[in-house]
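Here's the letter readout for the chains.
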Amino acid sequence: MAQTNQHHLVLIIARDFASRLSTPVFLVDVTGKVIYFNEGAERVLARRYVEGQSMEAGDWSTVFEPSHDDGRPMELSEIPLGVAIIERRPDHGIVRIRGIDGVQRRIEVTAFPLFAHADECLGAIAIFWETPEPVPEDG
Amino acid sequence: MKVRIWGSRGSIAAPGPETIRYGGNTSCIEVRGDANETIVLDAGTGARPLGESLMERQVQRIDLFLTHLHVDHLEGLGMFAPIWSPDIELHIWGPPSPVASLDERIATYFSPPLFPVHLSEVPARVTFHDAPRDPWTIGSITITADPILHPGATVGYRLESDGKALAYVTDHEPALGTDLDAASTSWISGYALAHHADLLIHDCQYTEDEYPDHVGWGHPSVAHVASYARRAEVDRLVLFHHHPGHADAELEAMRTAVLAGWQVEPQRCIVAAEGTEIDV
Chain A
23 MAQTNQHHLV LIIARDFASR LSTPVFLVDV TGKVIYFNEG AERVLARRYV EGQSMEAGDW
83 STVFEPSHDD GRPMELSEIP LGVAIIERRP DHGIVRIRGI DGVQRRIEVT AFPLFAHADE
143 CLGAIAIFWE TPEPVPEDG
Chain B
562 MKVRIWGSRG SIAAPGPETI RYGGNTSCIE VRGDANETIV LDAGTGARPL GESLMERQVQ
622 RIDLFLTHLH VDHLEGLGMF APIWSPDIEL HIWGPPSPVA SLDERIATYF SPPLFPVHLS
682 EVPARVTFHD APRDPWTIGS ITITADPILH PGATVGYRLE SDGKALAYVT DHEPALGTDL
742 DAASTSWISG YALAHHADLL IHDCQYTEDE YPDHVGWGHP SVAHVASYAR RAEVDRLVLF
802 HHHPGHADAE LEAMRTAVLA GWQVEPQRCI VAAEGTEIDV
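Taken in sequence, the protein lines are chains A and B. Take the first sequence: its letters are residues 23 to 161, numbered as in my numbering. Take the second sequence: its letters are residues 562 to 841, numbered as in my numbering.
Derived from the structure by calculation, the hints contain no laboratory data. For every residue, glycine included, the Cβ atom is placed at its ideal position computed from N, Cα and C.
Here are the simulated distance ranges between beta carbons:
hint : chain 1 : residue 1 : chain 2 : residue 2 : range
1    : A       : 76        : B       : 664       : 37 to 45 Å
2    : B       : 746       : A       : 137       : 23 to 31 Å
3    : B       : 776       : A       : 90        : 39 to 47 Å
4    : B       : 740       : A       : 139       : 23 to 31 Å
5    : B       : 791       : A       : 137       : 32 to 40 Å
6    : B       : 621       : A       : 142       : 31 to 39 Å
Derived list of chain B stretches under chain A, where covered just means 3 residues or more per stretch with a C-beta under 8 Å from a C-beta of chain A:
hint : region
7    : 708-722
8    : 732-739
Next comes chain A alone, as it looks inside the complex:
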């Protein structure tokens, strides 16, 4: 077949779905490279898609400074989207990130891999929400 860079239909549909949601969505290919994020995600990340497209996993997992609630840095393998890509299973968790505007935000993330066939992973998708700060326990 002619060599083209057309994405798999599953990714085309995933992008279309994401583009219609106000909920932030982040879409990566099987290597973890960013292939789309929607306007909702742009607001939370304070970065436009045109500036963030093609970021590798090693970039997006550091540029937004992901961390745990206690301030410890979060490795790619601990971020739900990283889990989805590396372990090819769904994951959910709380992540602190710092947008390009310098504002730290606490987000709740659900991520899952996108399989076209049982043995064919095409990428992963993360849906996330800003979530309130935890209520301090009474001392």
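Please arrange chain B on chain A, whose structure you already have, making use of the hints.
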């Protein structure tokens, strides 16, 4: 490759005086390869006369490529003469499904009470194949199957031989959620199948007036077909899968509309008619 159209209609057969020029049989195309391979694209009601012709020609091996299993692409299989001959080696290829095997899904239609005989009882030597993810060859022809936008598991096919490419992309709504004129080609369904094809056979089900009431049904408007052909940079285009309600004159008007959008020489776009033969 030599292409002959045996059925060009979509949805349901539409015989009658208003469709006599382009025909009323549903989707079925024969492709003869340079090494005499016999490939059949879909098994709509056009498969009945095709089957008789293949038996007369004493063809022994047939490869049938199903784009999907909607009835208008399958309903001719029971009256396809080669399937009733033990001398015929029939390979049926179709889109894979995580739910059931290809033969199980075809047998949903090809079994009582919808059909008197169960698929497993036909005399022909039938082998079922999930369309592979990677290109494969049959004789001199290299085939690629790729999923395309249509409800349910659906693929389009690209056949390449001797440096020429035929793309068969029917039942396809590439503009669903996409502005075909503005989108990067990497985000257009079916783009890789059709890219630089010498001949593209593509669904042309709806007029611009009809499409808004059928968004998501899996078929394009004439404007979408024009945009898709232009973006894929195909050489020639055959308008296919005609709406059963479109009379001959309406199909010709749709071709005019496609040409207005595509803006190429008129001879590069034709309306699929039963009996049409095209060299690729």
